[in-house]
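Colleague: Use these hints to put chain D onto chain V, whose structure you have.
2 protein chains.
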Amino acid sequence: MKIAIIGAGAIGLLTGAYAALSGTDVTFFSRTKEQAKKLADEGLFLHRDNSIERVDVSAFTFGEYDFSTYDVILIAVKQYSLRSILSSLASLDVACPLIFMQNGIAQIDYAKQWEKYLPSIAIIEHGAMRTSENTVVHTGNGQIQLGSFGQTAQAVKQLCEKLNEVHFRIVETKNWQMILEYKLLANAVINPLTALFRVKNGMLIKNGSLHKISKRLFQEAHSIFEHLDKQEAWQYVKNVIEKTANNRSSMLADCEAKRQTEIEAISGYILKAGKQRGKDLPFTEFVYESICSIEEESRRSYE
Amino acid sequence: MKIAIIGAGAIGLLTGAYAALSGTDVTFFSRTKEQAKKLADEGLFLHRDNSIERVDVSAFTFGEYDFSTYDVILIAVKQYSLRSILSSLASLDVACPLIFMQNGIAQIDYAKQWEKYLPSIAIIEHGAMRTSENTVVHTGNGQIQLGSFGQTAQAVKQLCEKLNEVHFRIVETKNWQMILEYKLLANAVINPLTALFRVKNGMLIKNGSLHKISKRLFQEAHSIFEHLDKQEAWQYVKNVIEKTANNRSSMLADCEAKRQTEIEAISGYILKAGKQRGKDLPFTEFVYESICSIEEESRRSYE
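Just so you know, the protein sequences line up as chains V and D, in that order.
Note that the first sequence ends on residue 313 in the numbering used here; no numbers are left out.
Note that the second sequence ends on residue 313 in the numbering used here; no numbers are left out.
Only chain V is shown next, with the shape it has when bound in the complex (with noise of 0.2 Å):
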């Protein structure tokens, strides 16, 4: 079988890669032209338990190819690029199924409106780091959910089966969408909080003021999915603080890096859910504005 992945970050190359290992076709979309040259001429790399292996992949740049020849598409770009990615597979009259492979719970919109060919959503739990154009490390060895609208496409079926031959876990699941809602209730309380104050995710429990924001955060955020057990919500946000605690966020990540951040899809979501529900979340809406004053600090730092 032949798959098609857009986007070229950590996700998209551990993916791809246990898929080439599995015998699938896999060719890559990427946004450079460097890093599809690369792919293609130098193969992509798989770190994982001290041992590297290479693997044959196609690449090219997205838009410069007929996507009409896959059985599956996957989506790993972020959600900030999923309009006009999407817009783009429309207009080249793509219908094949898609796995949406996002953080964040907006994908599920856009995923709706490919519903006729059958798409599914990927909820990830793996850890993998990009540490060059291609080589990808294989850094926690977790499992990748499932969802979808009712029926899972026969070729998406298929691939699960093939990337479970090789050890990478992916199951199919019913409760994903709570299950993305409980991820969305982690990362809004996380991720701009340990960009904003520059901590480790641990320190939002270990400091007792910032455990008192993480906590109004977390009740403003839980206010948009009240149908949620609020004490079994707030266990679960803690957890996930707790047994990451070591761990630098990735939105953490992207503002030293002075990357865009995931920061619209995650509190800008809620904020825009809250006032479709006429709620005022000021603790939401103070650390949106505050990681958009650093995306405008670092956009001016490359003029």
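I should point out that these hints are in silico values taken from the structure, not numbers from a laboratory.
Since the structure is predicted, the reported quantities are computational estimates derived from the model, not experimental observations.
Careful, some of the hints might be misleading.
Identical chains blur together in the list; that is why a pair holds if it fits in one copy or across any two.
[To be verified] No more than 20 Å apart at the CA atoms, straight line, and that leaves these computed lysine-lysine pairs for PhoX-like: (1) K248 - K47; (2) K216 - K167; (3) K248 - K216; (4) K43 - K193; (5) K216 - K268; (6) K285 - K172; (7) K222 - K282; (8) K282 - K122; (9) K167 - K43; (10) K216 - K47; (11) K210 - K47; (12) K172 - K253; (13) K285 - K222; (14) K126 - K253; (15) K225 - K240; (16) K210 - K48; (17) K225 - K172; (18) K210 - K268; (19) K184 - K268; (20) K248 - K43.
Modeller: Just chain D now, with coordinates in the frame of chain V:
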């Protein structure tokens, strides 16, 4: 005349240097023995206009001396040390006029407790930097505005005359309470935000998102000073930001040096006043907890 200055930070040293230049007998009371010894042994050095002058002063640590011999006592400690200093002075039966030289506004309540000895409130509009334990640089030649509760003590008037003679401008003012309120509004915006985002003052206007946050913080702070014209007050705050655009605020400097900040006297004061009026001030609460979290880490780093 003989004056005592309690607190040998930048403002205490600056005022003391000019007082000594004017022929006044000056005694410092510092927190550390080292500083008192240095001031007494080596004298106090005043840098201004590219020249250095040396003046003789007496110096002790606070508490080891008889305070009954002074005509005026200047209290030049930070707001957060006022309570303990004043209870010591009360227990020593001090009965002379005090001049309160703090940032913030809560010193008014302390001064009122001293009303029978004709206290004054000094509003400092000088720039000063302490560069060693007995060296102060006069970085901005402004003025001191002096307010009283009705009558100004004769000894205080006399001290003002002497200071004005050596061109250390000090003027009596009627609307000192309003000036303090304006200054608190500016401090409530500038200090916590510059410290939290680690930026110079001007960034609060230059950066669109920080400008939004600044405006919200201002609105909350203004809600406890509703007798002040809102438009004029916001214009005042913006003017201060523009005029000090290249400055690093005192709270930013305190956070970077891992010192205690004046957050309690600024945002803490506004939160308390808001609570008394039944007002919810979430942006103020956010920055208050944020600066507390930074102070908590500073204390931890000394453990």
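Colleague: Measure nothing new, just compare the shortest in-copy and cross-copy C-alpha distances for K126 and K253 to 20 Å and report within, between, both or neither.
Modeller: So K126 and K253 fail the 20 Å test inside a copy (39 Å) and across (60 Å) alike.
Colleague: Should K225 paired with K172 be assigned to within, between, both, or neither, using CA atoms and 20 Å as the limit?
Modeller: Close neither inside one copy (42 Å) nor across copies (56 Å); limit 20 Å.
Colleague: Treating 20 Å as the Cα threshold, decide for K184 and K268: within, between, both or neither.
Modeller: Classified as neither; 37 Å inside a copy, 50 Å across copies.
Colleague: How would you label the pair K216, K268 (within, between, both, or neither) given a Cα cut-off of 20 Å?
Modeller: For K216 and K268, the Cα distance is within 20 Å only across copies (18 Å; inside one copy 27 Å).
Colleague: Is the C-alpha distance from K248 to K47 at most 20 Å within one copy, between copies, in both cases, or in neither?
Modeller: Neither way: K248 and K47 sit 43 Å apart in one copy and 51 Å across, limit 20 Å.
Colleague: As a check of your reading, is K216 near K167 (CA-CA no more than 20 Å) within one copy, between copies, both or neither?
Modeller: neither (43 Å within a copy, 52 Å between copies)
Colleague: When Cα atoms must be at most 20 Å apart, do K248 and K216 count as within-copy, between-copy, both, or neither?
Modeller: within (11 Å within a copy, 37 Å between copies)
Colleague: With identical chains, the pair K285 and K222 could be close in the same copy or across copies; at 20 Å between alpha carbons, which is it: within, between, both, or neither?
Modeller: Answer is between: at 18 Å across copies they meet the 20 Å cutoff, but 24 Å inside does not.
Colleague: At most 20 Å between alpha carbons: which applies to K210 and K47, within, between, both or neither?
Modeller: neither (36 Å within a copy, 43 Å between copies)
Colleague: Within a copy, between copies, both or neither: where do K225 and K240 come within 20 Å Cα-Cα?
Modeller: For K225 and K240, the Cα distance is within 20 Å only inside one copy (11 Å; across copies 33 Å).
Colleague: If the cutoff is 20 Å on CA atoms, where do K210 and K268 land: within, between, both or neither? Let me know, please.
Modeller: Both. Shortest intra-copy (18 Å) and inter-copy (19 Å) distances satisfy the 20 Å Cα cut-off.
Colleague: When no copy is named, should K167 and K43 be tagged within, between, both, or neither for a Cα gap of at most 20 Å?
Modeller: neither (32 Å within a copy, 77 Å between copies)
Consistency with the previously given hints fails for numbers 1, 2, 4, 6, 9, 10, 11, 12, 14, 16, 17, 19 and 20, ordered from lowest to highest.
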